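Chemist: Chain residues, written in single-letter form:
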Amino acid sequence: MTFRFSALLSALLLGAIASVAPTRAQDRSIVVASTTSTQDSGLFGHLLPLFKAKTNIDVKVIAQGTGQALDTARRGDADVVFVHAKSQEEKFLAEGFGVKRFDVTYNDFVLIGPKGDPAGIKGKDIETALKAIQAKGAPFVSRGDKSGTHSAELALWKQADIDIATAKGPWYREIGQGMGAALNTAAAMNGYVLSDRGTWISFRNRGDLEIAVEGDRRLFNQYGVMLVNPEKYPSVKKELGQAFIDWLISAEGQAAIADYKIDGQQLFFPNAEKKGS
Amino acid sequence: MPDQLSAWQLILSGDPALFAIVKLSLAVSLSAAALAALVAMPLGALLALTRFPGRFSLVVLLNALMGLPPVVVGLAVYLLLSRSGPLGAMGILFTPSAMVIAQTILIVPIIAALTRQTVEDLWAEYRDELTAMDVGPAGRMATLLWDARYSLLTALLAGFGRAAAEVGAVMIVGGNIEGFTRTMTTAVALETSKGNLPLAMGLGLVLVAIVLAINAAAWGTRVWSERQVG
Amino acid sequence: MRAPVSDLPLVLDNVSLQAGATVILDRLSLAIAPGAPTLIIGPNGSGKTTLLRLCMGLVRPSAGRVSWGGRTNSAPVRRAILFQRPVMLRRSAAANVAYALAQAGTPRRERTAHIANLLERVGLADLARRPARRLSGGEQQRLALARALARDPEILLLDEPTASLDPAATRAVEEIVRMAAQSGIKIVMASHDLGQVRRLAGDVVFLVRGALCERGPAAKFLDHPTTQEAAAFLRGDLVI
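From first to last, the protein sequence lines stand for chains A, B and C. Position 232 of the first sequence, counted from 1, bears residue number 232 in my numbering, the numbering being contiguous throughout. Quick note, my numbering runs 1000 ahead of the 1-based positions in the second sequence. Quick note, my numbering runs 2000 ahead of the 1-based positions in the third sequence.
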C-alpha cells in the first residue's frame, strides 16, 4: 500500500466524517414524534412539503407507535407529538409533559379479514364481529405495541364485553410491531386484523384479505397534536413547534389534510375546532 | 419514494431519495469505521505488545464484545444522548452523528481484536530484529501497525461490513427520519413493515452490491499493492 | 553524538543460562577484545546462537555477569546483530536502511547520503527501490548487513549469516564482513563452515554443550587443536 493510497483512503474517510459531523448552525427544524399509521399512509409525505414551502421549517418525523411516541416526548426527545389515542394523550397532558391538546383530524379503522370469512362476520357491526371471532377462535392479529391502533382495538374488545386479557387463546397473535407488519402477518396466516383505512389502502401485499367490517361509528379514530412542555425541557423548539400546530389546525392545513387521497379516496377527515366557534 | 417502482428502476432513473439514502449509509458506516480504527488499532497493538495483570481476561472480553448486539448498543447510546440523559445537552439524538457514535462503539471490539491478533503474530516474527535495533515501545507499535497494513485493511473492512449491515443501532438512535437519518438498512426494514416486499428486497440487494463492490475494490488494491511492495 | 564509552572488552564472567531444566550455557568465561574477527564454532546445540544473543544483550544470564567495557548495563547503541534469516520490513531496500538509521539516531538531513553510502558498500545500490521482501536470500542478508552497519557499530555479531546462501552470495557477504573488520569493527561470528573460519578468523572460540572447550588463534587451532573434542570436530566426527 503506497503512501498515495493511504492518503487517498484517509481523505475519503475524513470526507465521510465531515459529512456527518454535527452542525452548530441553528437549523429551522423540529422533531415530531408520531405514529406509524401517519407515516405508512403517506399523509406526512403529502403535508410536510406544503408546510416547508410556506414556513421553511424542516419537520423530522420519528414514526413509532403512539405509546412509544409519547414516551419519546416524555424524555424530551421530541418537540411535538401527533398521535391517536385520546386517553393516553390526556394522561400525557395531566403529567405535565404537554402544553395543550388540539383535535386535528380523524380517520377510521376497518376490520380486515380473509375472503373466506371463517368467523362469518362480513357486513356485521364491530361488536358482533368481535364476539364471533372470539367465539370461533378465528386467527386474529393484534399490534400489541401500545400504539393508537392497539389502544383502539383493546377499547373495542371491552365494548364487546370481552375481557381480552383472559379470553385470548392461541388464535390471538400479538406481534408488537407496526401496522404494515400486522397486515403482512394477517395475510400470511389468513387471519383478521384491525387496521386504519389509510394503511390498508396503500398496502400492497394483501394476499387473500379484504375489508370485512367498516363504517361503524365506533371505528372512528381521532388524531390529536400537542406541543411538548418547554417548562419541562427548555430545549423544546416552542416557536417552530407551535407554528406547525397552528398550521395543522388552520384552514390551510385542514384543507391540505382533506386533499390527501389515495386511489381517489379521502382518508383523513379534518375536524379541528374552528376559531371563533 | 414511489412504492410501485422496483429498486432497479429507481437506480436507473437516478431517484434522488435513493441516492441520498445510499450516501448516508456509506457516510455513516465509513465514518464509524475510520473513528473506530483510530481507537481500536492502537488499542489492539497495545494489548498485543504489553504484559500486565488481567491482560488475558481483557483479551477474552474483547473477543466476546465482537458479538455485541447492535440493538443493545443502540439503546445504550439512546439513553446517553436523550434529552433526559447525561449527554442530552449535545442535542445530537436523531442525527447522523448519533448513528456514527453508536456504530463506532459497535465495531471497536472487532477491529481491536483483529488488530491484536495480527500484531501479536507479526511481533513474534519481528521481535528479535526490533529489539536488536533498540526500538522503543512507541516505535514498535508504529512499525508493526504499518507493516501489518494489509491485514489491518482487512480488519477495517470487517468493521465497516458489520456497521453497514446493522439496523438495530441506527434505527434507535437515528429514528429513520425520511431525508435525514434513513439508511439502506432502515429503509429495508421500513418497506418490509409496509408490506412493500419487492422494493425492500431490491433495496437489500443494492446494499449487498455496494458492500461487495467496496470489498472487491479493497481486495484488488491489496493485490496490486502487494505486487508493488511485497 | 555517539556514546564516548566503548563496549569492548566484552567480558563474560562465569556465565550460565538455563531454560527450564536445560542448560544452554555452562559456566562460560570469555573475553572479547578489539582486533581481528572472532569466530565461534561448535556442533549444533552447543550454544553458539545463545552466546551471540547474550553478547548483544537480548537475553540475560541465569548466573554470572556480562559486561561491556566494564559496564553491566549497556544500551546496545553501538552493537549490531545479524540473524541467520533476516526479517525485512515491508518497504523498499532503501527504506529499510533509512529505518535503521533513524533508530540509530542519525539526523534526518544526513540520512540520504548515508543510505546511498551503505547500499553502495553492500553492493545493493541498484536495488534501492526494490521491495525488500522480494530480494533474494543473499540480497536480503546484504541488506541486513547494511542495516547493521547503519548503526555505526563497534561490535558486529553475526549468527551463521551464510548458512542458507549459495557460494556466490556467501562470498559477497564475506567480502563485506572482511571490509568491515578492516575498518575497525570487531566481528564476532558463529559459523558452521570451516573454510569460512579459515578465510575470516583472527581467533576461534570452540563450544561444546554450552561450555568453552578450546580457544586460540585461528591457524593454531585449525592445524594443531589441543583438545580431543576439537580434533574430532575438525576431523568431521560427530561430537556428542
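Keep in mind the hints are simulated off the structure, nothing from the lab. In this text, all values refer to a predicted model and were calculated from it rather than measured experimentally. Warning: the hint list may mix true and false statements.
[Unchecked claim] Derived SDA-like pairs (lysine to any residue); straight-line CA-CA distance at most 25 Å:
#1 K158/A to A135/A
#2 K2220/C to E2174/C
#3 K52/A to F1180/B
#4 K2220/C to H2192/C
#5 K238/A to L1080/B
#6 K86/A to A135/A
#7 K115/A to K100/A
#8 K146/A to K52/A
#9 K238/A to F1180/B
#10 K146/A to A1017/B
#11 K261/A to A1017/B
#12 K1023/B to D108/A
#13 K238/A to A1017/B
#14 K100/A to R74/A
#15 K238/A to S1084/B
#16 K54/A to A1218/B
#17 K52/A to A1213/B
#18 K1023/B to K91/A
#19 K1023/B to K146/A
#20 K1023/B to L13/A
#21 K1023/B to K238/A
#22 K274/A to S6/A
#23 K91/A to F1180/B
#24 K232/A to A1017/B
#25 K1023/B to S19/A
#26 K2220/C to S2164/C
#27 K146/A to S1151/B
#28 K1023/B to A18/A
Chemist: Would the hint linking K274/A and S6/A be met if the CA-CA limit is 25 Å?
Modeler: The hint is violated at about 64 Å.
Chemist: Need the status of pair K100/A, R74/A: alpha-carbon distance at most 25 Å?
Modeler: 15 Å, holds
Chemist: Mind checking the alpha carbons of K146/A and S1151/B for me, to see if they're no more than 25 Å apart?
Modeler: 48 Å, violated
Chemist: K2220/C and E2174/C: Cα distance at most 25 Å?
Modeler: This hinted pair holds, its Cα atoms lying about 22 Å apart.
Chemist: When you check the alpha-carbon spacing of K238/A and S1084/B, does it fall within 25 Å?
Modeler: Satisfied, since the Cα-Cα distance of roughly 18 Å is no more than 25 Å.
Chemist: Hint check: K146/A vs A1017/B, CA-CA at most 25 Å. Holds or violated?
Modeler: Roughly 31 Å separates the two Cα atoms, so the pair is violated.
Chemist: Please work out if K52/A and F1180/B have their alpha carbons no farther apart than 25 Å.
Modeler: Holds. K52/A to F1180/B sits at ~15 Å (cutoff 25 Å).
Chemist: For the pair we were handed, K115/A and K100/A, check the Cα-Cα distance against 25 Å.
Modeler: 44 Å, violated
Chemist: Can you confirm whether the C-alpha distance between K86/A and A135/A stays at or below 25 Å?
Modeler: 29 Å, violated
Chemist: Compare the distance between the alpha carbons of K1023/B and K238/A with 25 Å, and conclude whether the hinted pair is satisfied.
Modeler: 32 Å, violated
Chemist: Hint check: K1023/B vs D108/A, CA-CA at most 25 Å. Holds or violated?
Modeler: Given that 25 Å is the threshold and the Cα spacing comes to 38 Å, the pair is violated.
Chemist: Compare the distance between the alpha carbons of K238/A and F1180/B with 25 Å, and conclude whether the hinted pair is satisfied.
Modeler: 21 Å, holds
Comparing the model with each earlier hint shows violations of hints 6, 7, 8, 10, 12, 13, 16, 17, 18, 19, 21, 22, 23, 24, 26, 27; every other hint is respected.
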